[in-house]
Amino acid sequence: MRGMTGTPYRLLLAALILPLGGGAQAFEGGTSAYLKGFRDFMSGYLPQEPGLSLREDIYVYGGRNERTLLSGRLQLQLDTQVIANIVRPTFVTPWTILGANYGVALSWAQPNIALEGQLQTPLGTVGNAGERFGIGDVALSPIVLGWHAGSWHMNAAFAVYLPVGDYDVARTINAGNNYWAVSPQVGVTYFDPQTGWDLSVATVYVTSWENPATRYESGDALHVDFAVGKQVSSNLKLGIVGYGLWQVSDDAGAGARLGPNRARVYGLGPALTYSFKVADTPVSILGKYYREFGERNTFVGNSGTISVSVRF
1 MRGMTGTPYR LLLAALILPL GGGAQAFEGG TSAYLKGFRD FMSGYLPQEP GLSLREDIYV
61 YGGRNERTLL SGRLQLQLDT QVIANIVRPT FVTPWTILGA NYGVALSWAQ PNIALEGQLQ
121 TPLGTVGNAG ERFGIGDVAL SPIVLGWHAG SWHMNAAFAV YLPVGDYDVA RTINAGNNYW
181 AVSPQVGVTY FDPQTGWDLS VATVYVTSWE NPATRYESGD ALHVDFAVGK QVSSNLKLGI
241 VGYGLWQVSD DAGAGARLGP NRARVYGLGP ALTYSFKVAD TPVSILGKYY REFGERNTFV
301 GNSGTISVSV RF
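Per our numbering, the sequence shown starts with residue 1, numbered consecutively.
No lab work stands behind these hints, which were simulated from the structure alone. It cannot be assumed that every hint is accurate.
Distance ranges between label pairs, derived from CB positions [as the list claims (entries may be wrong)]: (1) Ile-306 - Glu-131: 35 to 41 Å; (2) Gly-196 - Ile-306: 18 to 24 Å; (3) Ser-249 - Pro-47: 34 to 40 Å.
Every residue gets a Cβ at the ideal spot worked out from N, C-alpha and C, and that includes glycine.
Use the sequences and the hints to build the structure in full.
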């Protein structure tokens, strides 16, 4: 989409997804609005019973990018460390649409971002380092639909990323993006309770508007998250998780000074889930680790996440 608003809460998200390409950096700040590898086990499943589900993640990422733009400033040999708390409540209503359960969801993050690199100036490069905590943008999903057919489950959602997070173009580090984005999302899960196998995949397409402060418009992004898991006991599931990110259109705008180079990166790693009940409330704890590879024009690094999910 051409011509509205955008910058780095993605750095929080980018840190997850992108490796270093040695060339120009695609996406402003290094990544798209969607967090790489956010979806994992049972990513196609929306609860059938009305009620509230709450997922809270503690996410840690460390990575490097040889060259990128932050708030319109060229950064070289950029190392980043991100620690973020991500909260996602989902409410399933009693209503059905097109034979599907209907729900709504929100997602937001509170990242602490530390950067160290070289800032390019007219007089050469100078050392540049900093750290900032802030409130990120909000992802609102007013439409979440879930279908169920035996062992097969599917959901479809439409998310709008609202540029309400902390942002100041005078700062290098920002928790907010300062641009709008939209994202249709589809997830499919095959789960057989007899064998315990969970095969899940989610596809997310992100279209961003221009950041009016930097006049930078990031290209469209395609994300694919997947998980393969096996229930080894009534409480424990073990498996692998992975993701791919492909930028499918060029960056644009007067602020896209590094050219149209498109980003790409992959992540793969182990994951486990332990489920139990507190009184009658279902609780699930998930741990996962991603190592990134196959990068082009983006951050490369590793991430780890601990998630707690509760169904009320």
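The hints, checked one at a time:
Look at Ile-306 against Glu-131: about 22 Å separates their beta carbons, and that is not inside 35 to 41 Å. Between Gly-196 and Ile-306 the beta carbons are some 23 Å apart, a value that agrees with the proposed interval 18 to 24 Å. Checking the proposed 34 to 40 Å range against Ser-249 and Pro-47 shows it holds: the Cβ atoms sit about 35 Å from each other.
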